[in-house]
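Engineer: Here is how the chains run, residue by residue.
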Amino acid sequence: MAMNEPRLNLIELTVSELSASLKRTVEDAFGHVRVRGELGNVKYHSSGHVYLDLKDDKASLAGVIWRGSAGRIRLKLEAGLEVVVTGRLTTYPGQSKYQIVIETLEPAGLGALMALVEERKKKLTAEGLFDPSRKQLLPFLPTVIGVITSPTGAVIRDILHRLADRFPRRVLVWPVRVQGEGSAEQIAAAIHGFNALDVQGPIPRPDLLIVARGGGSLEDLWSFNEEIVVRAAADSMIPLISAVGHETDVTLIDFAADVRAPTPTAAAEMAVPVRTELLVRIDSLARRTLASWQRSHEARRTELRAATRALPSADALFALARQRLDHATARLPRALIANTQTDRVRFSRIAGRIEPRLLGAQVERRRERLSNVARLLASALKTYRDARLTGIARHRERVTAFGERALRAICGLIDNRDLRTERAGQLLMAFSYRGVLERGFALVRDRDGTPLRRAAAIQAGQGLEIEFADGRARATADGAPALTPPPRRRGGSGGQGSLFDP
Amino acid sequence: MAANTNSDVPKLTFEKAIEELESIVKRLEEGKVPLEESVAIYERGEALKRRCEELLRQAEARVEKITLDAGGKPTGTSPLDVA
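Protein chains in written order, with this note's numbering: chain A, 35 to 536; chain B, 129 to 211.
The reader is advised that the hints may include incorrect statements.
These stretches of chain A come out as covered by chain B in the derived footprint (C-beta under 8 Å, 3 or more residues) [what the hints assert, rightly or not]:
#1 197-203
#2 230-237
#3 316-330
#4 350-356
These are calculated hints, taken from the structure and not from any lab test. Just so you know, these numbers come straight off a predicted model, no measurement behind them. The C-beta atom is built at its ideal place from N, Cα and C for all residues, glycine as well.
Chain B on its own, in the form it takes in the complex (with noise of 0.2 Å):
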């Protein structure tokens, strides 16, 4: 059951993710959860912040330059090396 409401996770914007994740620490924070829900959203919680560490994870520092044709129109790209 867990597994099928966090199926979610893996496609939400960061920004999405660490709302709920912090909604969920509120919530259990306080305390009010039952028994059986606090597991679920533990685990949700657990997968939020995999999610989270996983777009933080994806740091790359690429950077490209367009490269344009005769028109201006985009072609490509190239790396830029601009030190």
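Chain A with its partners taken away, still in its complex shape (with noise of 0.2 Å):
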């Protein structure tokens, strides 16, 4: 008993009772906290409060943001972010854990912020989505103009003054949160938007976006600073300037755009040029068209008037021509007469020398030539004659003295030939047949009279006519000849025998 009784004088409590007493405890020590720790296992729940972990190298706390003080937090929370909280913390007696409860949520100073920034930029960079390759020309006159920011507040009243000053433009507005919750989502959701619009369609498809804000603190630009928007700017179809918070202020969005304005204002100015600059400038285009149009009118005028002056007119042109003319025309007759009257002269002086006596002495010359060549004829005729006779008298003598030397010639010649022929028709008589046939031998003929030179021509029964030297015999073939073997070799005796088969 000794042992218990120290237990005893403790309380006995129950679990719930220990678990409340622990709860007013801490939430009486601890009602209100500032902790600064990096965020870990950050969870966004549907209901909208937000659970996360705060640690540091040593120790881990968990904690929650209820949906009310969530909505006031500007930041997206992620892991990796070191920040600084308030609130209070409280226990969880079902299952015997603390947590704090989150009210306000800082960045632990802007160079958290930065790092991240930095970092993600890096990434994007890599990732080639800041290239200048993509950067897009902004339109010279844009008809359509789409902005995208709050459609309340200074930065829209801007924009439209500066752009109703410059060159009043159609402009679609497309309202959006520009920070808080839910605020990149709909930024990156304007600009896919707008690029979705047809060009045809009834919301005319802008040729110009503007991104804008005024300027902030780096969390309230931190909507711009998010991967969503970043790359719905880089992927924007719609060249697109991005005019976020100060000239200072550089967020994300400005590298992933197409131009980068300064301010709201400068955006209006990049977007569209002066309106009575241009009028300015058409008006002085065209005076100088008219004007040098003129002028070079005007230079060929001058030229033309100069080129006239020194044209020479038509009358100066023909006048020594037609002078010459005139001229020669009053010459001609004169000419005609004086030259009629030289050729009648020259005429007559001729014409007087033609008389009869003139062609008297000319045939007499001639008759004179004539009767000349006649006697010079008659005396050549008479040497030739003479010639050719004594010729022909000296010839008959050679003939005569030829014709006794070839009666000669011939007689010899004949008495010759008488002697060769005698004893040719000697010789012939020895070598004839009939020459054998007085020796004792016989002709074999056929019927036809055609000589038979074998016995194998003969056939059995044939009618035969022999002739002999002193006449003529007809015989009759008795059977077939027997030959006698010729004597060359000629085969055997088969191949004679088939001679003679049928």
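Mind assembling these two chains? They're in different frames, but the hints should get you there.
Structural biologist: Structure below.
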């Protein structure tokens, strides 16, 4: 029992009593604390509450941000962010746990946020999102300008005023929250939304976008550092001007935009040219067109006038020729008469000399020449005839001498020929078959008179005619001829026999 | 002929129109354009000037706000008064 006494001095508590007591103690003691730590395990619950851990290198503290407080936090929370929170500690008796209920949350100094931006910038740069090659040129004079910003406030007013001053254009404002929860998603959706509009649709697709927000703290501008916004800006097919914060504020969307404007007003200036300046320029160009055109015409006219003056008149051009013509015309009849006269004089001079006597003398001269030639011809003929007659007598003597010699030669020749003929006749007789017949041989013919030179040509019973020296006798072959084998080799007897086979 | 060659002018952007107008002025000022062509390009210059002025006259200051449905899709526009 002694052992139990000290125990008896202690009040026995139920678990609930202890937990409640603990809860009170903790809440009293840590009703308002400020804690610095690194975020870990951040979970946005659909209810709107945010659950997270606060950590340092040795310890971890569970935390919760109820929906009401979460809406006031401008940053999107993510693991790794160094923060300073204020809130109260409470326990969760059901699970023997304690946690901090966070009322405010701030990044732990600018350094932490800047580091996050730097890291993200490095990552997106590596992806090529900020490449200069992705930049589009702004249109010179956009027809419709899309502005993504808060529909209330100074920013949209500044932009519209500056546009109206320079060149009023149609402006479509896509209203978005520019800070706080959901703002990044809205901005990104607006960029995509403008890009998705049909050019011909009821809402015209802008040909230039301005994403704008007024100045603020780094946390205020945080949505424009969000990846979703930066990617949307980089992907925009419509040229995009970013105008976020003041000149010194740089957010990541500025790197992804095609052009960064230092302020919303500057964005409006980049968007449109100054209309009055353009009007002046057009006017000046038009005046110069007219003036230079007129000048060139005046120059041409002057040139023409000068050329006209230099051109001689048609009269002057022809005067000389006409004068020559006139002169010639005047001289023509006189020249004709003079010419005729000259001819006539020449004619009469010649005509006077033509007389019959002149002709008679000519004839006499020619007759004399003719009789001379005739005389010459007669004597030449006589000489020629004598010469020919002498030639003929000489030839006759030679012919007679030749005739005698020829007669003599012929007689000798004939005697000689007679002798040779007789000798040849005797030789012929000796060589004729008749000579052979005389020697006792006979010639066998068939009935047609064709001589038969071989026994093989004779068939049994064939009629034959045998010629002797003194006459012919008829005979008939009695059976087949018996052949004498030829003296030259000529195959076997079979070959011979086959000759007689029918 | 001039009417045909200038039929494209009403479709030109301001930039293209003013660029061409400037080049016409330059050529005319150099004074080396043959007469017939100078008339043609002068007429074209006039057409370009009218096109530029027309584009500059179209200075509408309509300001509208995109209206969105529950899903965040644009449904139309309504006038925006920022005053």
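Engineer: Hint by hint, note whether the structure agrees.
Structural biologist: Results of checking the hints against the structure:
Beta-carbon proximity to chain B at under 8 Å applies to 5 residues in the segment 197-203 of chain A; the threshold of 3 is reached and the given coverage holds. Taking a C-beta to C-beta cut-off of 8 Å, the segment 230-237 of chain A contributes 3 residues in contact with chain B, enough for the three needed, and the coverage statement holds. Only residues whose beta carbon comes within less than 8 Å of a beta carbon in chain B count, and the segment 316-330 of chain A has 10; three or more means the coverage holds. As drawn, the segment 350-356 of chain A meets chain B at 0 residues by the rule of a beta-carbon pair under 8 Å; below three, the given contact is violated.
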